[in-house]
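There are 2 protein chains.
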Amino acid sequence: MKTHHYAVIFSSSLIDLDDSKYHGFSKEMLERVAAASGFLGVESYREKDGKGATISYWETLSDIQEWKQNARHLLAQKYGREEAYSSYQVRVCEVQYSYSFSK
Amino acid sequence: MKTHHYAVIFSSSLIDLDDSKYHGFSKEMLERVAAASGFLGVESYREKDGKGATISYWETLSDIQEWKQNARHLLAQKYGREEAYSSYQVRVCEVQYSYSFSK
Chain A
6 MKTHHYAVIF SSSLIDLDDS KYHGFSKEML ERVAAASGFL GVESYREKDG KGATISYWET
66 LSDIQEWKQN ARHLLAQKYG REEAYSSYQV RVCEVQYSYS FSK
Chain B
6 MKTHHYAVIF SSSLIDLDDS KYHGFSKEML ERVAAASGFL GVESYREKDG KGATISYWET
66 LSDIQEWKQN ARHLLAQKYG REEAYSSYQV RVCEVQYSYS FSK
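First to last, the protein sequences are chains A and B.
In terms of the numbering used here, the first sequence has 55 at position 50, counting the first letter as 1, and numbering is strictly consecutive.
In terms of the numbering used here, the second sequence has 95 at position 90, counting the first letter as 1, and numbering is strictly consecutive.
The shape of chain A in the complex, shown without the other chains (with noise of 0.2 Å):
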């Protein structure tokens, strides 16, 4: 992954664990992401209790802006504020230097 890039932490606590709704939005946001432009990755973390964090890299602050206005993200993003979530936040941040580990 390129050193200088972007990352967008968005933590939240889900209200519904089982909720179908919010999961065909989920595996439809990460098909749609994955085809935007300056998307570099993604991952994905649920604990029990509801709270988990999505984190998007990106090559650039407009790459993320234009993502945050997809018509189909957008109306994700309402049907998050108004059901699946009982609250979130975003974090947008400039990577300043990374390193990595492996076996």
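Read the hints as simulated data drawn from the structure, not as lab findings.
Do not rely on the hints blindly, as some may be mistaken.
A pair counts as met if it fits within one copy or between any two copies, since identical chains are not told apart.
Said to hold, decoys possible - The list that follows gives simulated cross-link-like pairs (lysine-lysine, DSS-like), each with its CA atoms no further than 30 Å apart:
hint: 1; residue 1: 26; residue 2: 108
hint: 2; residue 1: 32; residue 2: 73
hint: 3; residue 1: 108; residue 2: 83
hint: 4; residue 1: 73; residue 2: 108
hint: 5; residue 1: 32; residue 2: 56
hint: 6; residue 1: 53; residue 2: 83
hint: 7; residue 1: 26; residue 2: 73
hint: 8; residue 1: 53; residue 2: 26
These numbers were taken from a predicted model, which means no experiment stands behind them.
Given chain A's structure and the hints, the job is docking chain B onto it.
Chain B alone, transformed into the frame defined by chain A:
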């Protein structure tokens, strides 16, 4: 939380979800980091397949460096590489902007 701050995204693959020594280190690190200089907060998630992320928030880059060099934390990192994790990636980020939603 402050607007200008830093995030460390620590993504990892845990080999054994039931590794009691890992859980001991994890608990100790969460207690110690709470008292570290410049520490603002932490969130941690783990999936059943062993993949997870811990995201910590910091006032400055030097606070992050200082915590990385903490003697007990160095021991935990060593255990992580030698036994607990099959791989991990660390990304040190500057938060550019953030927003949140709550019901």
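Comparing the hints with the structure gives:
Proximity of residue 26 and residue 108 under a CA criterion of 30 Å is satisfied inter-copy only: 19 Å between copies versus 38 Å inside one chain copy. Within a single copy, residue 32 and residue 73 get their C-alpha atoms as close as 16 Å, which meets the 30 Å cut-off; across copies the closest is 36 Å, which misses it. In this assembly of identical chains, residue 108 and residue 83 lie within 30 Å of each other by CA distance solely across copies; the values are 13 Å between and 42 Å within a copy. Proximity of residue 73 to residue 108 under the C-alpha cut-off of 30 Å is restricted to the inter-copy arrangement: shortest distance 21 Å between copies versus 36 Å within a copy.
When the C-alpha separation of residue 32 and residue 56 is checked against a cutoff of 30 Å, the pair qualifies both within a copy, at 18 Å, and between copies, at 18 Å. Taking the shortest alpha-carbon separations for residue 53 and residue 83, both the intra-copy value of 24 Å and the inter-copy value of 29 Å come in at or below 30 Å. With identical chains, the CA atoms of residue 26 and residue 73 are at most 30 Å apart within one copy only, with a shortest distance of 20 Å there and 41 Å across copies. In this homomeric assembly, residue 53 and residue 26 come within 30 Å of each other (Cα to Cα) both inside a single copy, at 18 Å, and across copies, at 22 Å.
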